[in-house]
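Protein chains: 2
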Amino acid sequence: MTQTRSHTVDPRFDLVLERVVDVPRALVWKAWTQPEHLKKWFTPAPWSTIDCEIDLRPGGIFRTVMRSPEGQEFPNLGCYLEVVENERLVWTNVLLPGYRPTDFSTIEPSDCAAIAFTAVITLETLKNGTKYTALAIHGHEADCKRHEEMGFHDGWGKALEQLVDSIRDG
Amino acid sequence: MTQTRSHTVDPRFDLVLERVVDVPRALVWKAWTQPEHLKKWFTPAPWSTIDCEIDLRPGGIFRTVMRSPEGQEFPNLGCYLEVVENERLVWTNVLLPGYRPTDFSTIEPSDCAAIAFTAVITLETLKNGTKYTALAIHGHEADCKRHEEMGFHDGWGKALEQLVDSIRDG
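Residue numbers (my numbering), protein chains in the order written: chain A, 658 to 827; chain B, 658 to 827.
For the record, the hints were derived by calculation from the structure and aren't laboratory data.
Hints may contain errors.
As the list makes no split between identical chains, a pair holds if one copy fits it or if it spans any two.
[Said to hold, decoys possible] Mimicking SDA-like on lysine to any residue, the simulated pairs with C-alpha atoms at most 25 Å apart in a straight line are:
no., residue 1, residue 2
1, LYS802, SER762
2, LYS815, ARG669
3, LYS697, TRP686
4, LYS802, GLY755
5, LYS788, GLY755
6, LYS687, PRO715
The shape of chain A in the complex, shown without the other chains:
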């Protein structure tokens, strides 16, 4: 197990993506926390993010709506847990805004929103750019495995490339 600032990473339950990107961390933070910016990069093409709502405080809403190439829409709703500007962003889909527990019985088991997880984005300034760490914490191995099989590493990696491109494009 690896101890991060406040998270114990368990390889049976957790997924990690670590990259160094050559953009300043303040701009990565903005890309994650401004809805209009987030919509540009959040979902690997040809999928798209067509809506995003952000209330950037513990207990505040984080809602996105993804659209498949076939036009099907997939809403995701959760709340922020920690907001440390330019450093650390934590949210979960296990709690709705105001910390109300999510009723997973209302979500189709086949929907990606049925995977219960907490996400931790950590940003560190390096000499040559920004160290970007995305951690997905699950409650059991089945959710973790399913998240991995749905393409966590490819998907979050490609989204990060889109994020960097969106910063370069201004």
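Position chain B against the provided structure of chain A, taking the given hints into account.
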């Protein structure tokens, strides 16, 4: 619906206990946040709290073990979400320490720990004492109803009386 500082109370889903107690709020806060003190009052007699672990920060552990009069032990595990000294304490059993989603499939459905909820304790100083508000936020009506039927109001009310007595006893 009633809007509290950051919580929308929905009477179908939420339970509220509001009382005025004639002890200073700093002492109520201590009773809630120091394990040795909490064990004195947390569970209405003849039940008892035989163990308690507190790491008072967002993501930190809040663990208690209750014992029934027959000697059966019931552990409860969760984590804190907000810690505002002397004002507001928020925790949930939907997330384990480090914000790991709880795997409710490992908890006996008949166990009280199977009721998913977030708790918000709010303290306000009044002329004649401290206004004490305990809010339990649930994800669906069934959990709320079950929590109420298990004696939420009587239980949390009696525990609060024990808390006040424990402060008076020094």
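Here is how each hint holds up against the structure:
Taking the shortest alpha-carbon separations for LYS802 and SER762, both the intra-copy value of 20 Å and the inter-copy value of 17 Å come in at or below 25 Å. Within a single copy, LYS815 and ARG669 get their C-alpha atoms as close as 23 Å, which meets the 25 Å cut-off; across copies the closest is 42 Å, which misses it. With identical chains, the CA atoms of LYS697 and TRP686 are at most 25 Å apart within one copy only, with a shortest distance of 14 Å there and 45 Å across copies. In this homomeric assembly, LYS802 and GLY755 come within 25 Å of each other (Cα to Cα) only across copies, at 20 Å, whereas the closest approach inside a single copy is 29 Å.
In this homomeric assembly, LYS788 and GLY755 come within 25 Å of each other (Cα to Cα) only across copies, at 21 Å, whereas the closest approach inside a single copy is 31 Å. In this assembly of identical chains, the alpha carbons of LYS687 and PRO715 lie at most 25 Å apart whether taken from the same copy (17 Å) or from different copies (23 Å).
Hint check: no violations occur; every hint is consistent with the structure.
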